[in-house]
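Protein sequence lines correspond, in order, to chains G and Y. So the first sequence is residues 1 to 439, counted in my numbering. So the second sequence is residues 1 to 78, counted in my numbering.
Careful, some of the hints might be misleading.
[Said to hold, decoys possible] Restricting the straight-line Cα-Cα distance to at most 30 Å, the calculated cross-link-like pairs of lysine-lysine (BS3-like) are:
no., chain 1, residue 1, chain 2, residue 2
1, G, 117, Y, 24
2, G, 108, G, 351
3, G, 108, Y, 24
4, Y, 24, G, 423
5, G, 23, Y, 24
6, Y, 75, G, 109
[Said to hold, decoys possible] Label pairs and their computed distance ranges (CB to CB):
no., chain 1, residue 1, chain 2, residue 2, range
7, Y, 46, G, 28, 23 to 33 Å
8, G, 109, Y, 46, 23 to 33 Å
9, Y, 11, G, 106, 31 to 41 Å
10, G, 231, Y, 11, 44 to 54 Å
11, G, 293, Y, 51, 34 to 44 Å
12, G, 28, Y, 24, 37 to 47 Å
13, Y, 51, G, 371, 49 to 59 Å
14, G, 15, Y, 8, 36 to 46 Å
15, G, 106, Y, 24, 38 to 48 Å
16, Y, 53, G, 257, 43 to 53 Å
17, Y, 58, G, 371, 48 to 58 Å
18, Y, 24, G, 240, 36 to 46 Å
19, G, 266, Y, 8, 15 to 25 Å
20, G, 362, Y, 24, 33 to 43 Å
Worth flagging that the hints you see were computed from the coordinates, not collected in a lab. Predicted, not measured: the structure shown is a model, and the values here were computed from it. Ideal Cβ positions, reconstructed from N, Cα and C, are used throughout, including at glycine.
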Amino acid sequence: MKKEDQVLGAFANAFRTPDLRRKLLFVLLIIVIFRLGSQIPTPGVHVANVQTCFRQLENDGLYGLINLFSGGALLQLTIFALGIMPYITASIILQLLVVVIPRLETLKKEGQAGQTKITQYTRYLTLALAILQATGISALARNRTLLQGCDQPLLHNEDSLMTMLIMVITMTAGTAVIMWLGELITDRGIGNGMSILIFTQVVATFPASLWAVKTSQDSWWIFGTVIVIGLVLVAAVIFIEQAQRRIPVQYARRMVGRRMFGGSSTYIPLKVNQAGIIPVIFASSLLYLPALAAQFDQSGTSPVTNFIATYLVGGSHPLYMAIYFGLIIFFTYFYVSITFNPAEVADNMKKYGGFIPGIRAGKPTEEYLSYVLSRITLPGALYLGLISLVPLIAFALINANQNFPFGGTSILIMVGVALDTVKQIESQLQQRNYEGFLR
Amino acid sequence: MTTVFTVLLILTSLLLILLVLLHKGRGGGLSDMFGGGVSSGLGGSSVAERNLDRITVGAGVIWFACIIALGLLLKSGS
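The following block holds chain G by itself, in its conformation from the complex:
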């Protein structure tokens, strides 16, 4: 094989493999449908008025956060306005409930059948949440309070209940469609559907908010600095994402019939950031809830709303940062404890005659694994927390607005999802030829 340009060569290989090409094109198709739906307004919405209002508020902190997750769809009242938020919220709620409710816990332990049932519950809960949120948002739009400080009618016919009903039903159906699209990607495409859809929404707002830095500061210097800092951050994130500790494992040689098995030494890779980007998504979507709830208070004078508006919106307040940081660390440990079960791994190793050099099989192995895991998760959790805070602090200093494009959350989501997806493509590629993206 002739020597090609490394990265482009891998791309060409990816498209030369028929199986992989079909999957990649399928994902692209779904993304196109998803973005298209995020631009089409719900029937009954006065598009021109919404656009004028939207432009006035574009650089406001609160709206920036909301826009990040919906890719600008929510405030423009499109048919996919709710995006994947209901699904994420439903998954979080169900995962927390599994720990609390014994019935769900037994379901989870049942294995695949139980897992399917939990997924089904998540889907029902998603739709329930979607109806709730759609009603809330339509009501806000009707009262003209969705985009505060802009007093133009957002709907064509504000008094009719029919318009409300249509909007709620359309948005709920939109959420159902998004859920289905995500599952299709997981099923027939590459990577995890939901995270790819989140990725799409984050990336979609990216160029606009990057340009907003330039226009609001009106200086190429700051624009350049922002890009350089962003690139450094990306490099740092990739560095830590790839870092792992390899615990050596020896397998005893054994005879099965006339064949010889094992006798090899491998390792268990423990990533520094075992949890990936999930804690960040969870923490920020939890923090986004009070901001959303605060919008329902129309007068904006109650003490609760005031409290939320001062402390929990935008991310420039120290209390917000502290809560964010705490939540990320909590969710990192929570998620790692769910995904990696030392007892199970130790048990499997014992079954197949494997052991860690210097440590006895069974209980001591399990203790050793969980010891290493909890030690290694600490820097991982701190790293996740710090990365999501660094931009907030740095840019409070040079006075850029908070919905800065390289905000920790968006950077972690972008890099994390991209790395995951590329790795999956690569593992598919390696079934055919050994040249991949990463080496």
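Starting from the known structure of chain G, fit chain Y onto it as the hints suggest.
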């Protein structure tokens, strides 16, 4: 004209929600990342599932068309 599309939109929306719920939630989404392990079974989808896919796509297209038609009608109406 608007009424026809409105009724059609409501009907297809409800149908679409129902159809999506009928799908066998293939461990998609975040719950898949949650220690589900290798949850997607082997083999392709069954005939019933494939037909369901087709019907869902059909309903989705009608739903989409209704939204666009309604949008255009409202725009010219105001």
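So, going through the hints one by one against the coordinates:
The straight-line distance between the Cα atoms of residue 117(G) and residue 24(Y) is roughly 10 Å, inside the 30 Å bound, and the hint therefore holds. Our distance criterion of 30 Å between C-alpha atoms is met by residue 108(G) and residue 351(G), whose separation comes to about 23 Å. Between residue 108(G) and residue 24(Y) the CA atoms are separated by roughly 17 Å; this keeps the pair inside 30 Å, and the hint holds. Among the hinted pairs, residue 24(Y) with residue 423(G) is consistent with the structure: their alpha-carbon atoms are about 27 Å apart, no more than 30 Å.
Proposed proximity of residue 23(G) and residue 24(Y) is supported: the alpha carbons are some 20 Å apart, at most 30 Å. This hinted pair does not check out: residue 75(Y) and residue 109(G) have alpha carbons roughly 54 Å apart, beyond 30 Å. For the hinted restraint 23 to 33 Å between residue 46(Y) and residue 28(G), the CB-CB distance of approximately 27 Å keeps it satisfied. At roughly 27 Å, the beta carbons of residue 109(G) and residue 46(Y) sit within the given window of 23 to 33 Å.
Taking the beta carbon of each, residue 11(Y) and residue 106(G) are about 39 Å apart, inside 31 to 41 Å as hinted. The beta-carbon spacing between residue 231(G) and residue 11(Y), approximately 51 Å, falls within the hinted interval of 44 to 54 Å. Remark: the range hint 34 to 44 Å for residue 293(G) to residue 51(Y) is upheld by a beta-carbon distance near 42 Å. The given range of 37 to 47 Å is broken by residue 28(G) and residue 24(Y), whose C-beta atoms sit roughly 25 Å from each other.
The beta-carbon spacing between residue 51(Y) and residue 371(G), approximately 52 Å, falls within the hinted interval of 49 to 59 Å. Distance hint for residue 15(G) and residue 8(Y): a CB-CB separation of about 40 Å, consistent with the stated range 36 to 46 Å. Between residue 106(G) and residue 24(Y), the C-beta spacing of about 21 Å breaks the proposed range 38 to 48 Å. Remark: the range hint 43 to 53 Å for residue 53(Y) to residue 257(G) is upheld by a beta-carbon distance near 45 Å.
Range check, residue 58(Y) to residue 371(G): Cβ separation about 56 Å, and the 48 to 58 Å hint holds. At about 37 Å, the CB distance of residue 24(Y) to residue 240(G) agrees with the hint of 36 to 46 Å. In this structure the hint that residue 266(G) and residue 8(Y) lie 15 to 25 Å apart at CB is violated, the actual value being about 60 Å. For the pair residue 362(G) and residue 24(Y), the supplied restraint of 33 to 43 Å holds, since their beta-carbon distance comes to about 39 Å.
The structure fails hints 6, 12, 15 and 19 (numbered hints given earlier, in ascending order).
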